[in-house]
Amino acid sequence: MTAIHQAVADPSAMNGHETTAPKPHRTKEREKRRSWLLTVGIWVTLIYFVVPLLWLAVSSTKDNGDLFTTFGLGPGHSFQFFHNVAQLFSFQDGIYSRWLINTLIYSLGGALGATLLATMCGYALAKYKFRGSRVVFNAILVSIMVPLTALAIPTYLLFAATNLTDSPWAVILPSLVSPFGVYLMRVYAADAVDDSLLEAARIDGAGEFRIFTTIVLRLLGPGIVTVLLFQLVATWNNYFLPLIMLNNPNLFPVTVGLAQWQSTAAAGGGAQVLFSTVLTGSFVSVIPLMIAFVFLQRYWRSGLATGGVKG
Amino acid sequence: MTDAAPRRAAPAISMKPQRRRSRANAVQTRAAWALVIPFLLVFAAFLIVPLGYAAYLSMFTSKLVGGHVFSGLTNYSQALHDPNFWAGLRRVALFLVIQVPIMLGASIFFALALDSGRVRGGNAVRLLMFLPYAIPGVVATLMWGYLYGTNFGLITQIFQHLGLTAPNLLSSGNILGSTMNIVCWEFVGYNMIVLYAALRSIPAEIYEAAEVDGAGQWRIALSIKLPALRPAILLSVIFSIIGSFQLFNEPNLLFNISPNTVGTAFTPNLYAYNLAFRNQETNYAAAIAFLLGLVIVIVSSVVQTVTNRKERRA
Amino acid sequence: MKTLRSTAVAITALALTGALVSGCSSSKPTGAAASAPVTQAQIDQAMDTPTTLNLWAWVPDIQHEVDLFEQKYPKIKVNIVNNSGATGQYVKLRAALQSGKGIPDVAQIGYDHISTFTQTKSLLDLTPYGGAKLATDFVPGIWSQVALNGGVWAIPQDSGPMGTLYRTDLFSKAGVSAPTTWDQFATAAQAIKDKTGAYITDMPGNDMPQMLGLFSQAGVAPFSYDGKSTVSINLDSPAAQKVVSYWQNLIQKNLVATDPDFTDGWYQGLSRGQYASWLTAAWGPVFLQGTAKNTSGSWAAATLPQWQAGQNVSANWGGSSNAVMAASTHPIAAYELAKFINDDPASTVMLANQQFLYPTTTATLTNPQFSDAKSDFYGGQQVNKFFAGVSATVADNLQWVPFMDSVNSSYDDTVGKAITNHTDMVGALAVWQQQVVDYAKKQGFTVK
Numbered sequence: 079m080t081a082i083h084q085a086v087a088d089p090s091a092m093n094g095h096e097t098t099a100p101k102p103h104r105t106k107e108r109e110k111r112r113s114w115l116l117t118v119g120i121w122v123t124l125i126y127f128v129v130p131l132l133w134l135a136v137s138s139t140k141d142n143g144d145l146f147t148t149f150g151l152g153p154g155h156s157f158q159f160f161h162n163v164a165q166l167f168s169f170q171d172g173i174y175s176r177w178l179i180n181t182l183i184y185s186l187g188g189a190l191g192a193t194l195l196a197t198m199c200g201y202a203l204a205k206y207k208f209r210g211s212r213v214v215f216n217a218i219l220v221s222i223m224v225p226l227t228a229l230a231i232p233t234y235l236l237f238a239a240t241n242l243t244d245s246p247w248a249v250i251l252p253s254l255v256s257p258f259g260v261y262l263m264r265v266y267a268a269d270a271v272d273d274s275l276l277e278a279a280r281i282d283g284a285g286e287f288r289i290f291t292t293i294v295l296r297l298l299g300p301g302i303v304t305v306l307l308f309q310l311v312a313t314w315n316n317y318f319l320p321l322i323m324l325n326n327p328n329l330f331p332v333t334v335g336l337a338q339w340q341s342t343a344a345a346g347g348g349a350q351v352l353f354s355t356v357l358t359g360s361f362v363s364v365i366p367l368m369i370a371f372v373f374l375q376r377y378w379r380s381g382l383a384t385g386g387v388k389g
Numbered sequence: 092m093t094d095a096a097p098r099r100a101a102p103a104i105s106m107k108p109q110r111r112r113s114r115a116n117a118v119q120t121r122a123a124w125a126l127v128i129p130f131l132l133v134f135a136a137f138l139i140v141p142l143g144y145a146a147y148l149s150m151f152t153s154k155l156v157g158g159h160v161f162s163g164l165t166n167y168s169q170a171l172h173d174p175n176f177w178a179g180l181r182r183v184a185l186f187l188v189i190q191v192p193i194m195l196g197a198s199i200f201f202a203l204a205l206d207s208g209r210v211r212g213g214n215a216v217r218l219l220m221f222l223p224y225a226i227p228g229v230v231a232t233l234m235w236g237y238l239y240g241t242n243f244g245l246i247t248q249i250f251q252h253l254g255l256t257a258p259n260l261l262s263s264g265n266i267l268g269s270t271m272n273i274v275c276w277e278f279v280g281y282n283m284i285v286l287y288a289a290l291r292s293i294p295a296e297i298y299e300a301a302e303v304d305g306a307g308q309w310r311i312a313l314s315i316k317l318p319a320l321r322p323a324i325l326l327s328v329i330f331s332i333i334g335s336f337q338l339f340n341e342p343n344l345l346f347n348i349s350p351n352t353v354g355t356a357f358t359p360n361l362y363a364y365n366l367a368f369r370n371q372e373t374n375y376a377a378a379i380a381f382l383l384g385l386v387i388v389i390v391s392s393v394v395q396t397v398t399n400r401k402e403r404r405a
Numbered sequence: 003m004k005t006l007r008s009t010a011v012a013i014t015a016l017a018l019t020g021a022l023v024s025g026c027s028s029s030k031p032t033g034a035a036a037s038a039p040v041t042q043a044q045i046d047q048a049m050d051t052p053t054t055l056n057l058w059a060w061v062p063d064i065q066h067e068v069d070l071f072e073q074k075y076p077k078i079k080v081n082i083v084n085n086s087g088a089t090g091q092y093v094k095l096r097a098a099l100q101s102g103k104g105i106p107d108v109a110q111i112g113y114d115h116i117s118t119f120t121q122t123k124s125l126l127d128l129t130p131y132g133g134a135k136l137a138t139d140f141v142p143g144i145w146s147q148v149a150l151n152g153g154v155w156a157i158p159q160d161s162g163p164m165g166t167l168y169r170t171d172l173f174s175k176a177g178v179s180a181p182t183t184w185d186q187f188a189t190a191a192q193a194i195k196d197k198t199g200a201y202i203t204d205m206p207g208n209d210m211p212q213m214l215g216l217f218s219q220a221g222v223a224p225f226s227y228d229g230k231s232t233v234s235i236n237l238d239s240p241a242a243q244k245v246v247s248y249w250q251n252l253i254q255k256n257l258v259a260t261d262p263d264f265t266d267g268w269y270q271g272l273s274r275g276q277y278a279s280w281l282t283a284a285w286g287p288v289f290l291q292g293t294a295k296n297t298s299g300s301w302a303a304a305t306l307p308q309w310q311a312g313q314n315v316s317a318n319w320g321g322s323s324n325a326v327m328a329a330s331t332h333p334i335a336a337y338e339l340a341k342f343i344n345d346d347p348a349s350t351v352m353l354a355n356q357q358f359l360y361p362t363t364t365a366t367l368t369n370p371q372f373s374d375a376k377s378d379f380y381g382g383q384q385v386n387k388f389f390a391g392v393s394a395t396v397a398d399n400l401q402w403v404p405f406m407d408s409v410n411s412s413y414d415d416t417v418g419k420a421i422t423n424h425t426d427m428v429g430a431l432a433v434w435q436q437q438v439v440d441y442a443k444k445q446g447f448t449v450k
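Protein chains in written order, with the numbering used here: chain S, 79 to 389; chain R, 92 to 405; chain L, 3 to 450.
If you are wondering where the hints come from, they were derived from the structure by calculation, not from laboratory data.
Worth double-checking, as some hints may not be accurate.
Calculated lysine to aspartate or glutamate pairs in the EDC-like style (CA-CA distance at most 16 angstroms, straight line) [stated by the list, open to error]:
id, chain 1, residue 1, chain 2, residue 2
1, L, Lys295, S, Asp141
2, L, Lys197, L, Asp171
3, R, Lys154, L, Asp440
4, L, Lys79, S, Asp171
5, L, Lys444, R, Asp173
6, L, Lys79, L, Asp50
7, L, Lys77, L, Asp50
8, L, Lys295, S, Asp144
9, S, Lys207, S, Glu277
10, L, Lys244, L, Asp185
11, L, Lys175, L, Asp196
12, L, Lys387, L, Asp374
Negatives, chain R to chain S, calculated, CB over 12 angstroms [to be verified]:
id, residue
13, Tyr167
14, Ser168
15, Gly208
16, Leu383
17, Val388
18, Val397
The calculated label-pair distances, taken between Cβ atoms and stated as ranges, are [unchecked claim]:
id, chain 1, residue 1, chain 2, residue 2, range
19, S, Gly172, L, Gln44, 48 to 54 angstroms
20, S, Ile183, R, Thr120, 34 to 40 angstroms
21, S, Leu186, R, Thr256, 44 to 50 angstroms
22, L, Gln73, R, Gly163, 55 to 61 angstroms
23, R, Gly196, L, Gly299, 53 to 59 angstroms
24, L, Ala348, S, Phe373, 52 to 58 angstroms
25, L, Thr395, R, Val188, 54 to 60 angstroms
26, S, Thr240, L, Thr138, 42 to 48 angstroms
27, R, Ala184, L, Gly177, 50 to 56 angstroms
28, L, Gln44, S, Ile365, 49 to 55 angstroms
29, R, Gly196, L, Ala193, 50 to 56 angstroms
30, S, Gly172, L, Ser247, 50 to 56 angstroms
31, L, Gln186, S, Ile365, 54 to 60 angstroms
32, S, Ile183, R, Ala117, 39 to 45 angstroms
Idealized CB from N, CA, C, for every residue including glycine.
Take the sequences, apply the hints, and build the full model.
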């Protein structure tokens, strides 16, 4: 359920109102009475969203024994967090840091590439009249519906036939395709780039390429950031594709690596008791994401209230 | 996702001589293609060609004894009679019919509640609810797997503290519900944020007009807010359809802790994976993947056509 | 996306593309048999060349044996990948084989899966590398598992003579001794449940090899294979039905747990004494040294309960080998690694005494270091002597068909599901039989 669902990440939504919503609406509400019942109700349901994360944080401080024998949300007999982290980064020659780096490379590579391609294509479809643009746009619209993970096995088979599996490219290249990104950029560019501005630049003698790089990219900034962020989340979360494409553990992203450790922990049994390592690894891997979500919230400006919401 | 935003006609600049315009057009057409082609190349290479290749492979049968033979549509007719494939489709359909309304219903409720401004600490609520979306599906499932654990899980522990018998959340009857819960947990906050943004972009004048007319908060919610959420909800529905049909990560990871209740054909995608890598029926797996894509396109299109028609009528 | 028409257009386009790429065909490695024997000079040169080998194995702590190898051959570096158990490893191996990339040099393969992988020509014939010469080092019954169809496809690592591992503390608390017949086992199950609250054992729904071991003990010969294209599948025989309905009865009385094995929950069950025994093979304890370490010392080994009093029949569960993959680019070094781990005296004794892998070389079996060893895990029992006795009583009716991965996943979905859901296991047995026969026919085999 991840890839495409997350592809609709509409980060601008985090604070869409700050830029798009008119202010009077907000000030008026300040005067309204808070509802005691609603507040309590909502905060209670919040437990559901927060407790699993709390459990994960608590678990990363326990050793294997305490993990299973002490109360999940209470402390263990000893505070093992630093020991667990040390174990995490040293197990199997410290392959975990490699996984983190791989994840970063795959998601940055995939997201930057996909965003660039989607921006170019979306802008061209929005602002140029040319033969075939309708056909192209329709084909892209249909392809939004093609599920990415249903594509994973066909892509794997193709890559297998052409000897491209088990390399970083096997993960990065397929994630360059973001039909939804093109769609969003097209809708966004239609509004954000003023035709008269383009025309004025042309009269001034600017070439199309220069117009794109100097004027258009700047105007599309917020939209670009949005597409970039949701592509980033989509590739960061990707599991199925790297799972089947990669065999060399040194190439795994952190999702595949952790899943493998988890099943090794179970099937391998024996002296390799990894449960607390896996949980600490999970916790450590989501910390940067959570920080990024909180931190970037302020930067995810405006954008696609137009695209994602008006769609 | 309708082609709603009409493309503006390029402004004609009538003073310019005709010749100059057509030359400018040629330049622009070239520029347009130069911008479009890079995307089209990767689009073709990593979307159309793999699908085409899968379609091609699905027309063959590779036997352990007897090798590779062309078999036409045999794989497809087999799939249409395959109880595993249908059971998987039925299961994701059930998932869709139950999980998606619950998830979206909760998202709408939270979005409306937060938008009403009546909740103390609304900003914190919004952020905390959104946080699970930052957790990769793999980690979320791993974590919930531990919480579900029948011998040691947090949920069992809590039940035992209360002196109750804990339900077996990994049993055959509960495993689908447990999967739904994981997906809900991951995406309620995300959908809430999308809907909340849509609510925030409703111009204040509309509310003022409604208040002048004497409409109460409930009236406003029902007759202004909900209709305004329509496009955003439709988008979420479409993406949830696609997401449900391609469910893979969650069942594949739950398989590790509860192999028999998940089974190898829990969802069509998981089935295709197991066919390809456990049964060595690659060609058949390609047919299943292809059929699955087709089903999703059809279902999403039907949902869209139906809602579009309703919209037009309204 | 206004109409379905555009969808139709797109699909037509896809169909056309299909024609374009039809030139591609998957490149599968072929099981190449190097014809000329490898000379000592070639071996010396290979072992003196800096090389990195990839070994896929699920035996815990195989690193210890590999360390010995790396000490002997410092130029060779071995990367170990644990793909989470046999099933996980086979799935991963298939994916690698299909893409022709990332295939390991050496892989652990259960005896039951050897023909499954030779069928697809994925294993290297070790004869030219000196494999055939090792025959005399190994117990004949085991050697025949890896020497098939005129080739030597792997080096045996361990065998799995089955016994009952039971918790002496729980059994004595319930006032029962190790049952010698299945009837006694059922009676003991009731006593243990009543007095200790524990289950006498766990019958997992995800472990076909264990069930096949129990079948074998009851005289079922489930498969046969002529090495070419004829197989027989006999999973629904009266003897198999007898075994399955025996377990169904205990499960329905709630005297036997049905947790999937080798999972978090199962380790917890063992660690907390929820299962008073485990019907397992000699290698069992290696999996109990981690999470269930707290139970070490309270176990003892006994023979499997018998169907008739006075009988003494055991069976084999698991046991595996190290095979060199046909695609390996370092076949000589890879063969030497597989040979070293499983034939070197120090390495095999270590496997036997530290990882509880029941040895397959006659040298280790007769080595007093092995046979006289007392195990702390078993509270000082001379367990190796015990399993040596069991070994002689193992039924030799188990053969394998060359598509065990499919047989296994079908078991999980039929009989396994019935175990987990406490539903009709005997009925599920018939479905399993049917699914396996259908699969075999579909794959072009003649089913006798």
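Can we confirm that no CB of chain S comes within 12 angstroms of the CB of R/Val397? Given a closest Cβ separation of 15 angstroms, the condition holds.
Hey, is R/Gly208 genuinely clear of chain S, shortest beta carbon separation above 12 angstroms? Violated, since 3 angstroms does not exceed 12 angstroms.
Regarding the pair S/Lys207 and S/Glu277, is the alpha-carbon distance no greater than 16 angstroms? holds (14 angstroms)
Taking only the CA atoms, is the gap from L/Lys175 to L/Asp196 under or equal to 16 angstroms? holds (11 angstroms)
Range hint compliance [Cβ, S/Leu186 to R/Thr256, 44 to 50 angstroms]: Holds - the Cβ-Cβ distance for S/Leu186 and R/Thr256, about 49 angstroms, lies within 44 to 50 angstroms.
For a C-alpha distance cap of 16 angstroms, please report whether L/Lys444 and R/Asp173 respect it. Answer holds: L/Lys444 to R/Asp173 is near 14 angstroms, not above 16 angstroms.
At the C-beta level, are R/Gly196 and L/Gly299 separated by a distance inside 53 to 59 angstroms? holds (55 angstroms)
Is the nearest CB of chain S more than 12 angstroms from the CB of R/Val388? R/Val388 is in fact no farther than 12 angstroms from some Cβ atom of chain S, at 5 angstroms.
Does the beta carbon distance between L/Gln44 and S/Ile365 stay inside 49 to 55 angstroms, or does it fall outside? holds (52 angstroms)
Verdict for L/Gln73, R/Gly163 (Cβ pair) under range 55 to 61 angstroms: holds (58 angstroms)
12 angstroms cut-off, C-beta based - R/Leu383 kept clear of every residue in chain S: violated (5 angstroms)
Status of the given 50 to 56 angstroms range, CB of L/Ser247 versus CB of S/Gly172: Between S/Gly172 and L/Ser247, where Cβ atoms are some 52 angstroms apart, the hint holds.
This entry does not satisfy hints 15, 16, 17, 19, going by the numbered hints stated previously.
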